[in-house]
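**Student:** Here the protein sequences line up with chains A and Y, keeping their order. Number 89 in the working numbering belongs to position 86 of the first sequence; there are no gaps in the numbering. Number 1095 in the working numbering belongs to position 93 of the second sequence; there are no gaps in the numbering.
Derived from the structure by calculation, the hints contain no laboratory data. Owing to the predicted nature of the structure, the values given are computational and were not obtained by experimental measurement. Among the hints, a few may not be true.
Below, simulated BS3-like cross-link-like pairs (lysine-lysine); rule was C-alpha separation at most 27 Å, straight line [what the hints assert, rightly or not]: (1) Y/Lys1122 <-> A/Lys13; (2) Y/Lys1095 <-> A/Lys44; (3) A/Lys24 <-> Y/Lys1120; (4) A/Lys39 <-> Y/Lys1131; (5) Y/Lys1154 <-> A/Lys16; (6) A/Lys92 <-> Y/Lys1122; (7) A/Lys85 <-> A/Lys99; (8) A/Lys85 <-> Y/Lys1122; (9) Y/Lys1095 <-> A/Lys92; (10) A/Lys13 <-> A/Lys60; (11) A/Lys6 <-> Y/Lys1122; (12) A/Lys17 <-> Y/Lys1154; (13) A/Lys37 <-> Y/Lys1095.
So the derived list for chain Y, only partly shown, Cβ under 8 Å to chain A, looks like this [unchecked claim]: (14) Pro1058; (15) Met1059; (16) Gly1117; (17) Lys1122; (18) Val1123; (19) Thr1156.
Yeah, the Cβ is synthetic: ideal placement off N, Cα and C, and Gly gets one too.
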Amino acid sequence: MAKARVKVPKSVKKGEVFQVKTLISHKMETGLRKNKKTGKKIPRKIINNFVCTYDGKEVFSSDWHPAVSANPYLAFYVKATKSGPMNFKWTDDDGKVTDKSVNISVSG
Amino acid sequence: MADKLKPHTYKRREVLALAGTGVVVVVAGIGLFPGAASADAAAVAKAIKKRIGDKPMKSGRITLELPEIAENGNTVPIGFEIDSPMTDNDYVKAVHIFAEKNPNPDVATFRFTPGNGKAKVSTRMRLIKSQNIIAVAEMSDGSVYMTKKAVKVTIGGCGG
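In isolation and in its complexed conformation, chain Y is listed as follows:
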């Protein structure tokens, strides 16, 4: 087989050749997990796209406050603050919160005006299990910022 010639690297061809033998089960098994993860990621990506379109997202400017471990998934405190002067010419327009593994990744949208003085909010949300929380902030100049943080959930909320 080809692996006699190149013992240290696995080319696509070789993987395919292996898949043709008994190794196929293992390969399929490995394939399942990235598939499941990307399904969550795809749902979140779709939800984000629905809110902001295809705009590029930068990191920074968002401080996301979440407990490291949430005992009760029915009421998980969440707070955020966006670094912005909140003047008529430069303010935060909206912040969208997403929960990667909830049945519906949308959590809430908050719309600000310069009259808020600062873009800081705290509220409570439901989380079905341990997951990443994503905050996306839209600025008045059209730029978009994103940050994410993991929360461990002991008892899931959402019901069902």
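This is chain A alone, in the form it adopts within the complex:
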């Protein structure tokens, strides 16, 4: 099971643009590597989609190809509107979804 980590500031001011850092453990198998013993290609298995939802809206998303490194790291920015959950969703080639949620605390 892929392990996801997300880092956001402890609290932010309304209107502030803050950084969201995400990291998920995943091999991101490209489909180009060969098994050295059998010579067979190792099938592709990557996370191909990432979605971030905040304040009831999809605020940021990303499509990934095999050129995204193993254990994908992604940092982006979001503007603080109101306190509440920020949800993250990583989708695998085989349809498996990894979810994560953090609380955004907005003051002022």
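For chain A, the structure is supplied; the task is to place chain Y on it using the hints.
**Tutor:** For chain Y alone, kept in the frame of chain A given last:
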């Protein structure tokens, strides 16, 4: 031969005439390299067209951050920021990253909304060898911007 008449210029006809002699090997040899380069360029052009269509691309507005030399091609840091106010009427819709010489030139697509506040991202990618990285940004008004930057890779990633 014709070169007696015009010693300083080589017209197509003359090149063809030379090609008919022993010079043919040299001409073919020179021809190989632009051919290989344009194959990469064609793959990238196709990948870009698939994302944005035939829209004209302007330069500017994109700041692409890449190491000059990446020791490990398996994990090359990449960052970019697009110059945009990120308001409801004027924001960056998407940014596509391409690697010219990777087996598949597509790297990733990032989709923004005005809720991002700024269009700035950092991540890590795999590069098989030294090459140009291309960033294409689509704006909410339909305009498209493009920039590219070279990275030297010491040990290639991608596997295989």
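**Student:** Are the hints correct? Go through all of them and say.
**Tutor:** Hints and how they fare:
{"no.": "1", "hint": "Y/Lys1122 <-> A/Lys13", "verdict": "holds (21 Å)"}
{"no.": "2", "hint": "Y/Lys1095 <-> A/Lys44", "verdict": "violated (36 Å)"}
{"no.": "3", "hint": "A/Lys24 <-> Y/Lys1120", "verdict": "holds (15 Å)"}
{"no.": "4", "hint": "A/Lys39 <-> Y/Lys1131", "verdict": "holds (22 Å)"}
{"no.": "5", "hint": "Y/Lys1154 <-> A/Lys16", "verdict": "violated (41 Å)"}
{"no.": "6", "hint": "A/Lys92 <-> Y/Lys1122", "verdict": "holds (20 Å)"}
{"no.": "7", "hint": "A/Lys85 <-> A/Lys99", "verdict": "violated (30 Å)"}
{"no.": "8", "hint": "A/Lys85 <-> Y/Lys1122", "verdict": "holds (21 Å)"}
{"no.": "9", "hint": "Y/Lys1095 <-> A/Lys92", "verdict": "holds (20 Å)"}
{"no.": "10", "hint": "A/Lys13 <-> A/Lys60", "verdict": "holds (21 Å)"}
{"no.": "11", "hint": "A/Lys6 <-> Y/Lys1122", "verdict": "holds (25 Å)"}
{"no.": "12", "hint": "A/Lys17 <-> Y/Lys1154", "verdict": "violated (42 Å)"}
{"no.": "13", "hint": "A/Lys37 <-> Y/Lys1095", "verdict": "violated (37 Å)"}
{"no.": "14", "hint": "Pro1058", "verdict": "violated (24 Å)"}
{"no.": "15", "hint": "Met1059", "verdict": "violated (20 Å)"}
{"no.": "16", "hint": "Gly1117", "verdict": "holds (4 Å)"}
{"no.": "17", "hint": "Lys1122", "verdict": "holds (6 Å)"}
{"no.": "18", "hint": "Val1123", "verdict": "holds (5 Å)"}
{"no.": "19", "hint": "Thr1156", "verdict": "violated (16 Å)"}
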